[in-house]
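Residues per chain, in single letters:
2 protein chains.
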Amino acid sequence: MQRLREALVLVFLAICSKAVNSMPFWWPSDTADAPGYCLSWRLAVEANNIRAWRTVPTQCSRHVEAYMIAGQYQRDLTLIVDTISTYVDTITLSDDGLDAWILDVDDTCISNLFYYRGKRYGCEPFDPLGFRAWALQGGCPAIPDVLRLFNKLVERGFKVFLVTGRDEETLGQATIQNLENQGFLGYQRLILRSGTYKGLSAITYKSEIRKQLVGEGYRIWGNVGDQWSDVQGDYAGNRTFKLPNPMYFIP
Amino acid sequence: MQRLREALVLVFLAICSKAVNSMPFWWPSDTADAPGYCLSWRLAVEANNIRAWRTVPTQCSRHVEAYMIAGQYQRDLTLIVDTISTYVDTITLSDDGLDAWILDVDDTCISNLFYYRGKRYGCEPFDPLGFRAWALQGGCPAIPDVLRLFNKLVERGFKVFLVTGRDEETLGQATIQNLENQGFLGYQRLILRSGTYKGLSAITYKSEIRKQLVGEGYRIWGNVGDQWSDVQGDYAGNRTFKLPNPMYFIP
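For the protein sequence lines, the chains are A and B, in the order given. The first sequence begins at 1 in my numbering and counts up by one. The second sequence begins at 1 in my numbering and counts up by one.
This is chain A alone, in the form it adopts within the complex (with noise of 0.2 Å):
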């Protein structure tokens, strides 16, 4: 009796060890119906292959939540600024000030995830009105390794624009505010959508500011964002990195 308990306990701990083992650690239990298809889908959308999509599929709904909560997501990012982080460092400077690199706002200077959280992780329809309150309190976080990549650009002399598609008029004070909050100090200028740009798509209104700069002489090293319609069109950079996101899409 007593040495088939511990024989039992034995072959416990091998199950538990072994399970514990291979599982990846962010792995959420509740997600067995679907992972594959979730994984598939989540790389198809990074890829750029499904666009134009409108809501996160529902059944991954956790395996977004747990993506985006549980430690991937971060990972990924920090890779990610990482591999930036090796190529500015192969960038000479010259001396006219007009090296210029370009950062998006949303989820990639500041994160929107405690809003998106409410709305489930993107499984919800955008909100427009949702998503203007929530931007008008000011309070998105900094997204730390993009902070990080921030300041070591300021530092090396890169003139950092920050080019959103968020409405001038109405949110450019929340958002001066918001990224001064957060320690986005020292950028050359914040862009926002003024009146002459409504209506344009992601893509034709961020191609026409890099346009404009070109024009003013910069030279865009860089450009960084959460969307593909960030790092696509024209003048879109000598590199391009899109950091990760499965909640939203713009076009």
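Certain hints may be false.
Label-pair restraints from in silico Cβ distances [claimed, not checked]:
1) B:200 to A:82: 26 to 36 Å
2) A:208 to B:215: 27 to 37 Å
3) A:195 to B:92: 47 to 57 Å
4) B:82 to A:82: 12 to 22 Å
5) A:82 to B:87: 26 to 36 Å
6) B:214 to A:251: 21 to 31 Å
To be clear about the criterion: a stretch of chain A counts as covered by chain B if any three or more of its residues have a C-beta under 8 Å from a C-beta of chain B, and this derived list gives those stretches [what the hints assert, rightly or not]:
7) 36–48
8) 125–133
9) 241–248
Which residues of chain B face chain A? A few of them, derived with a C-beta cut under 8 Å, are [stated by the list, open to error]:
10) 37
11) 43
12) 46
13) 47
14) 49
15) 50
16) 53
17) 54
18) 75
19) 76
20) 80
21) 91
Bear in mind the hints are in silico, worked out from the structure with no lab data behind them. This one's a predicted model, so the numbers in the text were calculated from it and none came from an experiment. We treat Cβ as the ideally placed atom computed from N, Cα and C, and that holds for glycine.
Add chain B to chain A, keeping to what the hints say.
Chain B alone, transformed into the frame defined by chain A:
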């Protein structure tokens, strides 16, 4: 004694069930050292953030192996091809015979997975002579999802161009026969790399080929490849699709 044994068997089964349900079924048990990092690395590769890499990081050897052979690569392919197929259904073809589609060959139409198994799924650097010997055998199996797409495109009346960086002189005949053996019948043209394009990067060479096709009047509706260099550059196509390939990078 009997009751204890029964109770322990129930506990055993409960644990097994829990472990099985919470593990992604394709996850190998021996990548627990760095699953998060390897997921990040693969995502960064597929989103074109990490470029010009020469080999798979050694610590990701088992991760990439598991990805390629245990089901997730296959699921990723199927979702992308389903997405492409939905896009194809939206296209109205004209009757001038100039509606074109471009497919890459290696690891798009036909698979080199068996070859790369011998190269530790990309952990060993590219071996031009070894790869040529493999390709000369003409034994690459079709990728079933892409063959399905190919047949749909041909049936719908698209002129399908297979564009590959393979050397025309040495690999032309073997490639033609390999494609035929695997059921790729009815394409418009197989374009291999002729002497004119030797030494050019894939982006430059493939852009040049597409420019010629557009010059002939073709409208490139879609362009599918496993490398970013297949789908970037000039005349890339109305929509481009990047199939997964974490085993090698072609600039």
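Status of each hint after checking the structure:
no.: 1; hint: B:200 to A:82: 26 to 36 Å; in the structure: holds, 31 Å
no.: 2; hint: A:208 to B:215: 27 to 37 Å; in the structure: holds, 30 Å
no.: 3; hint: A:195 to B:92: 47 to 57 Å; in the structure: violated, 37 Å
no.: 4; hint: B:82 to A:82: 12 to 22 Å; in the structure: violated, 34 Å
no.: 5; hint: A:82 to B:87: 26 to 36 Å; in the structure: holds, 35 Å
no.: 6; hint: B:214 to A:251: 21 to 31 Å; in the structure: holds, 25 Å
no.: 7; hint: 36–48; in the structure: holds (count 10)
no.: 8; hint: 125–133; in the structure: violated (count 0)
no.: 9; hint: 241–248; in the structure: holds (count 3)
no.: 10; hint: 37; in the structure: holds, 7 Å
no.: 11; hint: 43; in the structure: holds, 6 Å
no.: 12; hint: 46; in the structure: holds, 5 Å
no.: 13; hint: 47; in the structure: holds, 5 Å
no.: 14; hint: 49; in the structure: holds, 5 Å
no.: 15; hint: 50; in the structure: holds, 6 Å
no.: 16; hint: 53; in the structure: violated, 10 Å
no.: 17; hint: 54; in the structure: violated, 15 Å
no.: 18; hint: 75; in the structure: holds, 5 Å
no.: 19; hint: 76; in the structure: holds, 5 Å
no.: 20; hint: 80; in the structure: holds, 5 Å
no.: 21; hint: 91; in the structure: violated, 15 Å
Checked against the numbered hints given earlier, this structure breaks hints 3, 4, 8, 16, 17, 21; the rest are met.
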